[in-house]
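Asker: Sequence:
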Amino acid sequence: MDTWRRLNLSWTGRMASIKMCILPRLLFLFQNLPVIKGTACFKNWQRTLTKYIWQEKKPRVKLKYLTDSRERGGFGVPNLRLYYEAACLLWIKDWATLKDTDLLDLEGFDLRFGWHAYLWQEKDKVHRGFYNHIVTGSLLEVWNRKKNVIEQSTPWWLSPVDIIKIKKLNMTGRRWTYEDLLIKSEEGWKLRQQDELKEKIKDWFHLHQINALWREHKRIGMGENKSRFQVEIMESNNKLLSKMYRQLLESENKEELIKEVMTKWNKDLGYELGYDKWQTLWKKGMRFTACADLRENLYKMMYRWYLTPARLGRMYRTADNTCWRCKDKVGTFLHIWWTCEEVKGFWGQIYEELKKILKYNFPKKPEAFLLGMIGEEIKKKDQIFFQYATTAARILIAKKWKSSEIPTMREWQVKLYQYLELARLTQYIRRDNPIKKIEDWSKFLSYLETNLGINNLTVDNV
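Using mature numbering (1 follows the signal peptide of the UniProt record, and there is no 0), the letters of the sequence shown map in sequence onto residues -38 to -1, 1 to 424.
The hints are simulated quantities; they were obtained by calculation from the structure and are not laboratory data. Predicted, not measured: the structure shown is a model, and the values here were computed from it.
Pair ranges (Cβ atoms, derived):
1) T1 to W(-35): 24 to 30 angstroms
2) D255 to C(-18): 19 to 25 angstroms
3) K5 to K246: 30 to 36 angstroms
4) K246 to T(-36): 35 to 41 angstroms
Pairs of lysine-lysine, DSS-like flavour, derived with a Cα cap of 30 angstroms:
5) K229 to K327
6) K24 to K(-20)
7) K109 to K129
8) K306 to K341
9) K146 to K180
10) K229 to K239
11) K13 to K(-20)
12) K342 to K306
13) K405 to K361
14) K262 to K26
15) K164 to K55
16) K364 to K13
17) K162 to K188
We put the CB at the ideal spot given by N, CA and C, even for glycine.
Between the sequences and the hints, there should be enough to build the whole structure, so can you do that?
Answerer: Take a look at the structure:
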């Protein structure tokens, strides 16, 4: 990290360097040497990454938002503790499936009970050697910490046969699970008829033991369907680490449905932006381009990253909290970006020019111009161009931060024309249809020819 720290990377570039260069090396260790007990070291590591991202300065975005998934408006910064836990749970997958008997015999040559007895019946408290082992003890600690997260009820894959049998090497015979032994009735889940069970389990004493175990597990409850852990992890072999990490991350952030910044935006605008609008922004709006700088601007706007006079006034007693453009009102976030008379005129010009380009009227909504929340007021074929146009305006305002200057229309037109090349590169990266890009930008090129006198412009010669 010392090498990367010296490079002149952007804010999002430092996050990307963590995912590309640091995370793969840690994952190799997590997957091959799961020997960490406790969570203290992960807190220290995450603190180091946070300092690297913010360059030793005070963070402007909370860590839980940085580590959240992009589909929920986060930045996808790796949560090292969750990645380690995901790697451990994938190791435990073999203990749960009981399929790789050679591996299980090698790992559990000295076990006293079946694997599921340690996973579900806490037999490690009886057999302390299992918990004290440098590897199995660390894995079991992670399982106990996350068991109630991934399995809220008695799982279908749990094998009472494996629980009751004394563990021996080279054990033969199928270890039947509750999926094989239970049947759904009007009263709920119950064991199959004894005649059916005898075909699977020959020992009558084992049948009584399974009955006793089921009475105990029935009190916990039985899921109506297979758990997500069983479907995505135990019954699959593709992208297991990513799927497991995603499950843990969703459970970690499930209580944070409404972000603090969403509430602040609602308060500033005076009306509520529906959660569906935020989801559309996260899943579609922020993907309008492959250019990291342009997407970074949208993230900064959403998380109110910019230091306004009002915020600086709260941070420093001697700082002036009045707007540096109008020199009259308090420079709140919405005032600096939208309601200040000086910047309001600039947005008014942008609005009028966009109506000329698109050749139809649409309402002037602050969430569309500041956050990229586009609704049906903008036709679907024009939405990507609208994102480029408003992003160009926001970046021009940000470049004149702490200045009384206002961007000009000429600067905006030049900046937007430069973005045409970024649109071309995005098309090549994503293998989009070339006709789509022509439709996105044809109106803008016609506008340049009509209003600026630039002739013979085409998408291909940009």
